[in-house]
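Undergrad: Below are the chains, spelled out letter by letter.
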Amino acid sequence: MTDFDACAARALDTASARGAVYADIRFEEDRSERIEVRNGAVATLSDGTSAGYGIRALFDGAWGFAASADTSDAGIDRAAARAVDIARAGAAIATRRFGQAPTDRYVDTYATPFERDAASVPLGERVALLLEAERALHAAPTIRVGRAWIDLWHTRKTFYSTTGSRIEQMLRQSGSGMSALAASEGDAQDRSYPGDIGLYQAGGWEIVEAARLRENAQRIGEEAAALLTAPQCPSGEFDVILGGSQVSLQIHESCGHAAELDRIMGWEANFSGTSFLDPAQLGTLRYGSDIVTIVIDNTMPGGFATVGYDDEGAKSGHSDIIRNGLLVGFEMSRDTARTLGRETNACVRAQSWEHVPMIRMCNLNLLPGDAPFEALFDGVENGIYMESNRSWSIDDHRLNFQFGCQIGWEIKNGKRGRMVKNPTYAGVTPQFWNSCDAIADERSWVAWGTPNCGKGEPMQTGRTAQAASPARFRNVRVGVGYDG
Amino acid sequence: MDSLAREALADRVLSFARGAEAEVIVTDGDFGLTRFTHNAIHQNIASADTAVRVRTIVDGRTGVAATNALDETSLRDVVGRARAMGALAPADHDAPGLVANAAVATPDGAFDEATANASPAERARIVADITRLAEERGLWAAGYVTSERSGITIANTAGTRVSYDGTSCGLNVKANGPDSTGFAEYYSTRFADLDGIAAGTIAVEKTLASKAPVAVEPGDWTVVIEPAAFGELLSYLTGHFSAQAYDEGSSFLSDGLDRAYAGEAVTISDDFAHPLLAGQPFDYEGYPTRRLHLLDRGVAHELLTDSAWAKRLHRTNTGHGLPAPSAHGPMARHVVVAGGTHGTHDLIANVKRGLLVTRFWYIRPVDHRKTIVTGMTRDGTFLIENGEIVGGVRNMRFNQSILEALRSATFSKEIARTGGYSYSSVVPTARIENFRFSSGTDF
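Residue numbers (this note's numbering), protein chains in the order written: chain G, 4 to 487; chain A, 75 to 517.
Be careful, since some hints might not be right.
[Stated by the list, open to error] Stretches of chain A that chain G covers, calculated by requiring three or more beta carbons in the stretch to come under 8 Å of a beta carbon on chain G:
1) 139–153
2) 393–405
3) 469–477
[To be verified] Now the in silico label distances, taken between C-beta atoms and shown as ranges:
4) Ala161/A to Glu188/G: 57 to 65 Å
5) Thr302/G to Ala174/A: 48 to 56 Å
6) Arg150/A to Ser123/G: 41 to 49 Å
7) Leu396/A to Arg345/G: 41 to 49 Å
8) Asn478/G to Leu396/A: 22 to 30 Å
9) Gly183/A to Ala12/G: 42 to 50 Å
FYI, nobody ran anything at the bench for these hints, they're computed from the structure.
Ideal Cβ placement from N, Cα and C applies to all residues, glycine included.
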């Protein structure tokens, strides 16, 4: 058993002795389990563990980061020295200084609340759940592939810094989902549930049970098969109602990434891109309509990104990004927040011990409206209701987007009509959010987790969440990509 | 950890798996990356790790477990966890079993000692070359310089023991002006090949040449697509060559093999031994990877298989498996597009009115089966008139079937290695007719 206190003391002493003005070390022990059933067979049954640590060192305004799994004294010394050497190499050519030493100190613990430890559920029971759900997906002969899966993560993180912080966290995240692929001559149609990638939240086995895979499998299979013969979604300008998981993706792509302050400052310019946002727009940019309020809540029970502290040792909390349609905040780290004269809102995460912490979208929620879901259809004379993402693309300023959904239904005179396939829609971020005129209430509000958010170089996969309920948007361009 | 040490580690793990068929994958690597923006380094990292993945098969029941703890207790534990997983898994008596007695040869040029030992100071010197160029022209640069050593050993109880050691490095740079950007990249197995001045110059010149971009109308355009853009576009086609996608109906190849799907100029291969790639000569089951044509002068004859899909479809194993068992099926890992006969300048010279694309961004499938994708241009899009580049244009969104694009494609004789986070390929510059842009932007 590794003595983290002793290893941390050694690492931080070594970094300081070699000239670091600040250093921190983050130990992680990650355990991940995945079960995937495909066409009646267990296609994946894996149980992985990975443990190690990452050291950040600040020297003359430049950061260095070194990660290793070697917890021997020599290994700790080597990694700490490497982090400082890397920082020195950056400082040697620096014409600007991005880094400044933090001063805050936390000694605390945090554990994800959960109802049932997933480890207490026998593996045979987990596999049986997936086999049963997957079997029910085959509701028609045209279903060529059925898939069902469970992901479980359990992470122990311990963070130490030269300011005296010691933060221990025990994090649990769980998710499950299923999909059916129907294929016929020249066409293939996917349906998945819940949402497009499943239901992913912080917690234990109760998250898997909440997905209700068995109860929905046959309907999902039937919908996939029906899509093969459904008419093509019409093209033109329509009022659009988006299902909750698609609104979640819309928040993620056109608000969450746009409001990352590192991106705004050009730190992601060569890869993930920049942003159309500018700090000068704070308090003045009309991002959306009055009913659009989007907030960070990294303490939300069940939120996929809920933690006690972020990966640079800052305490989780609440802050606003868009308040009643007005841009009021960004997702920030300590270094980036300082440039605006603000405090960090603890949005820094690393994929694992071997990844450098960076600004990530965490729990970014669109607050629910006050209308029942069914009321969104009232007043729509000619529209499309779309569910579950199929395709997503947005430019590197986060303005021009085009998304596709797995399934749609025409709306005529306030009523849901026939099913249509291949629904797509496109727009420009602020115009689109300003066209939002109704958001369903808290009864259909779900904390949708995203387990596969890509950002950074080397690419890091982040786990984010965007709680949302279905919403209505007026005069949207529909059918792009299929319009001849 | 060299190959001998990895093989010794693999043997030790296998010794704990008595009574089971077992496979061990040992991976070891040391990775460094220096990232910069606004002409200064803002992320500077190094990461080293060794990991062990164990697959056990007992009475048709497969279990998998992984760890990066290498002490005896942890190694025994990871075997035990794999067996425990397998004991509770349903039996699959059709599973193909382990690859027996495979032997492979690593391609020349895969490993370069100087690259394996490249220091953060060496990476910083290249960054300094790039940022100096940008500053001299009133621009700011963002990008990275990376160097990496990686090794893999796969051993199993059926007698297979294969190893590969490789190095890779790369740089990319985006130069930024008030209203324009430009991009260049370079990838190699040898750090000495990285030339920050050459790449920085290209990125800076593209930025300056595309300043004050004008809007052009969406619609069908003749496009000349440089390797960074073409490689990314092509990465959304290669999944179709999987036997799994073919059999399950999600691939365009599900319409049938031995048909022409692209023009005669199009030959796409999977070739780990290409000198610009010098990649891993076996798949993640330890089976030797076969060099093959995915499209041979436009015609598809082959499917990529692993041991499971080879058995299921009664085809030969081409050695394109991911760690088994895999829900994703076989995959191309070293895509190479054959160059044409004309120089890149010739592709542009007879374009009456068209666009030159440096780089694409956020390509995603719109209709996978029909190979329709959407995405954006970025970092250097230019108007071509009467064979000359006349200036920058604002970025545009496209919606395009890749197969349709390949029906008219012609290629430059120059080829380059390109790559993203999920692919590495060797491609030429491509000229394509009637490439469909659906909307524009204000930048």
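Undergrad: Can you list which hints this structure breaks, lowest number first?
TA: Result: hints 4, 6, 8 break, sorted rising.
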